[in-house]
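Number of protein chains: 2
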Amino acid sequence: MPKSVDHDQRRIEIIEATWRIVARGGFAAATMRQIASEAGFANGGTKPYFATKDELLAAAYDRTFFLVNERAGAAIGETSGLDAVRLLCVEMLPLDQQRAIESRVAMAFWDRAASSDQLRKLHADSYAIWRHWMDNELTAARRRGQFSAELAIVDTIDELLAIVTGLRVQAVMTTAGRLTGDRLRILDRAIDRLRNSPQPTSSSKTEVLVDGRRVAGEFFRRS
Amino acid sequence: MPKSVDHDQRRIEIIEATWRIVARGGFAAATMRQIASEAGFANGGTKPYFATKDELLAAAYDRTFFLVNERAGAAIGETSGLDAVRLLCVEMLPLDQQRAIESRVAMAFWDRAASSDQLRKLHADSYAIWRHWMDNELTAARRRGQFSAELAIVDTIDELLAIVTGLRVQAVMTTAGRLTGDRLRILDRAIDRLRNSPQPTSSSKTEVLVDGRRVAGEFFRRS
Chain A
1 MPKSVDHDQR RIEIIEATWR IVARGGFAAA TMRQIASEAG FANGGTKPYF
51 ATKDELLAAA YDRTFFLVNE RAGAAIGETS GLDAVRLLCV EMLPLDQQRA
101 IESRVAMAFW DRAASSDQLR KLHADSYAIW RHWMDNELTA ARRRGQFSAE
151 LAIVDTIDEL LAIVTGLRVQ AVMTTAGRLT GDRLRILDRA IDRLRNSPQP
201 TSSSKTEVLV DGRRVAGEFF RRS
Chain B
224 MPKSVDHDQR RIEIIEATWR IVARGGFAAA TMRQIASEAG FANGGTKPYF
274 ATKDELLAAA YDRTFFLVNE RAGAAIGETS GLDAVRLLCV EMLPLDQQRA
324 IESRVAMAFW DRAASSDQLR KLHADSYAIW RHWMDNELTA ARRRGQFSAE
374 LAIVDTIDEL LAIVTGLRVQ AVMTTAGRLT GDRLRILDRA IDRLRNSPQP
424 TSSSKTEVLV DGRRVAGEFF RRS
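As you go down the protein sequences, you meet chains A and B in turn.
Mapping the first sequence onto this note's numbering, position 2 (from 1) lands on 2, and the numbers just tick up by one.
Numbering-wise, this note's numbering comes out as the position in the second sequence, counting from 1, plus 223.
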């Protein structure tokens, strides 16, 4: 059905033009006329696709959410557990030009959504899907003994999403300074902390913890 | 000098009116006329105080930053180290109505600052001050052996600021759902993780780590 494909393609063109406008000067300052012009439409030509600026902003955010999930799904493949959680978070982090734009669009969306019940609902829905995804993988990791049993899953998800969201804000606000690799390292520290103590291997290592300090060596239990 | 005091007082009235406007419908949609009216000024009456909307937004953000620091300073008092870092972070978290408005104002500021070198500079300066403050306290904590020696201070600050920033975003976007107490618990988990293993006490405890798993008991080193 070429007509429907055309329609979808046009929507994406308008959304991508909106991203460029957001990246250049923000969404609030842009007019529908400017956005139409950026997308190569006559003034008013975007109306059949997006009736209002809020509708367009919702679609612009929703597409960043879709792309994060599409990339994460592809990256995850047959991986599961903590590695899958990590790969999902990596796709949210602004580690390249595309993901930096997605973070910038999300920030414009938050600001407007804070004053709109309808847009805030869309935000809640997207985070609920991420939470559900992470919950599944953390539960799987726990079942296999890979995820520390002392940590509450819901708190862990809250914290990971807070870290990723905070790093998205910091990245948008920082043109120079801390580098991309630093953001990835912050995420990796957080993921590694969740891993269970390593399982026994052939090269066995023994240490004694005396009041929390490690002493390596060979030890024998008093029986 | 009563004239200067009046001037400062007027500025604060306009800033607080701006906060209320941001909380109700966002900053982008507000006009200077609306803000003047909310502050009880005639149209144009705010001009001598803030020539442009950006100037007003900068002042509105700057005052949230000032208030966080003022409250944190009072709460910290003679406290230092990790407890001081925690108290600073607590004042950033949206745990009550006032701090929720501050987070909402910060979000409006970020969105605009992302497209303004001047505003982004103000953001960078405020975060630099927070980083410096946390750096001092973490360094003091390390000197006293309270802060785990394995953690890089700069990464720790990055992560704490990401968590707090992310929790601010989540709070603004969530009217229902996760509660205030949950956000404080997420922060406390992060702070507690940084604490060094407890120092020796009279009731000494010994454990053996065999391939990472703890076994409690009394042990003797083979000599």
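It should be emphasised that the hints constitute simulated quantities derived from the structure, not laboratory data.
Just so we're clear, the structure is a prediction, and the values are computed from it rather than from any experiment.
A hint or two may mislead.
Reference excerpt, derived from the structure (chain B facing chain A, CB under 8 Å, subset only) [as the list claims (entries may be wrong)]:
no., residue
1, Gly249
2, Asp285
3, Asp358
4, Ala372
5, Ile376
6, Gln393
Straight-line C-alpha distance at most 30 Å; calculated DSSO-like pairs for lysine-lysine [as the list claims (entries may be wrong)]:
no., chain 1, residue 1, chain 2, residue 2
7, A, Lys121, B, Lys270
8, A, Lys53, A, Lys121
9, B, Lys270, B, Lys344
10, B, Lys276, B, Lys344
11, A, Lys47, A, Lys121
12, A, Lys47, B, Lys344
13, A, Lys53, B, Lys276
Here are the computed distance ranges between Cβ atoms for each label pair [unchecked claim]:
no., chain 1, residue 1, chain 2, residue 2, range
14, A, Arg193, B, Thr275, 23 to 31 Å
15, B, Gly296, A, Thr79, 21 to 29 Å
16, A, Ala75, B, Asp340, 47 to 55 Å
17, B, Asp378, A, Thr79, 24 to 32 Å
18, B, Asp231, A, Arg193, 33 to 41 Å
19, A, Asp192, B, Asp229, 27 to 35 Å
20, A, Asp192, B, Leu407, 47 to 55 Å
21, B, Ser260, A, Asn136, 20 to 28 Å
22, A, Thr174, B, Phe289, 41 to 49 Å
23, A, Thr79, B, Thr275, 35 to 43 Å
24, B, Ala252, A, Asn136, 19 to 27 Å
25, B, Ser260, A, Thr79, 52 to 60 Å
26, A, Asp6, B, Leu374, 35 to 43 Å
Glycine residues also receive a C-beta, built at the ideal position from the N, C-alpha and C atoms.
Verification of the hints:
no.	hint	result
1	Gly249	4 Å, holds
2	Asp285	15 Å, violated
3	Asp358	14 Å, violated
4	Ala372	11 Å, violated
5	Ile376	13 Å, violated
6	Gln393	6 Å, holds
7	Lys121/A to Lys270/B	37 Å, violated
8	Lys53/A to Lys121/A	17 Å, holds
9	Lys270/B to Lys344/B	23 Å, holds
10	Lys276/B to Lys344/B	17 Å, holds
11	Lys47/A to Lys121/A	23 Å, holds
12	Lys47/A to Lys344/B	37 Å, violated
13	Lys53/A to Lys276/B	21 Å, holds
14	Arg193/A to Thr275/B: 23 to 31 Å	45 Å, violated
15	Gly296/B to Thr79/A: 21 to 29 Å	47 Å, violated
16	Ala75/A to Asp340/B: 47 to 55 Å	34 Å, violated
17	Asp378/B to Thr79/A: 24 to 32 Å	25 Å, holds
18	Asp231/B to Arg193/A: 33 to 41 Å	46 Å, violated
19	Asp192/A to Asp229/B: 27 to 35 Å	56 Å, violated
20	Asp192/A to Leu407/B: 47 to 55 Å	25 Å, violated
21	Ser260/B to Asn136/A: 20 to 28 Å	51 Å, violated
22	Thr174/A to Phe289/B: 41 to 49 Å	22 Å, violated
23	Thr79/A to Thr275/B: 35 to 43 Å	50 Å, violated
24	Ala252/B to Asn136/A: 19 to 27 Å	39 Å, violated
25	Ser260/B to Thr79/A: 52 to 60 Å	57 Å, holds
26	Asp6/A to Leu374/B: 35 to 43 Å	54 Å, violated
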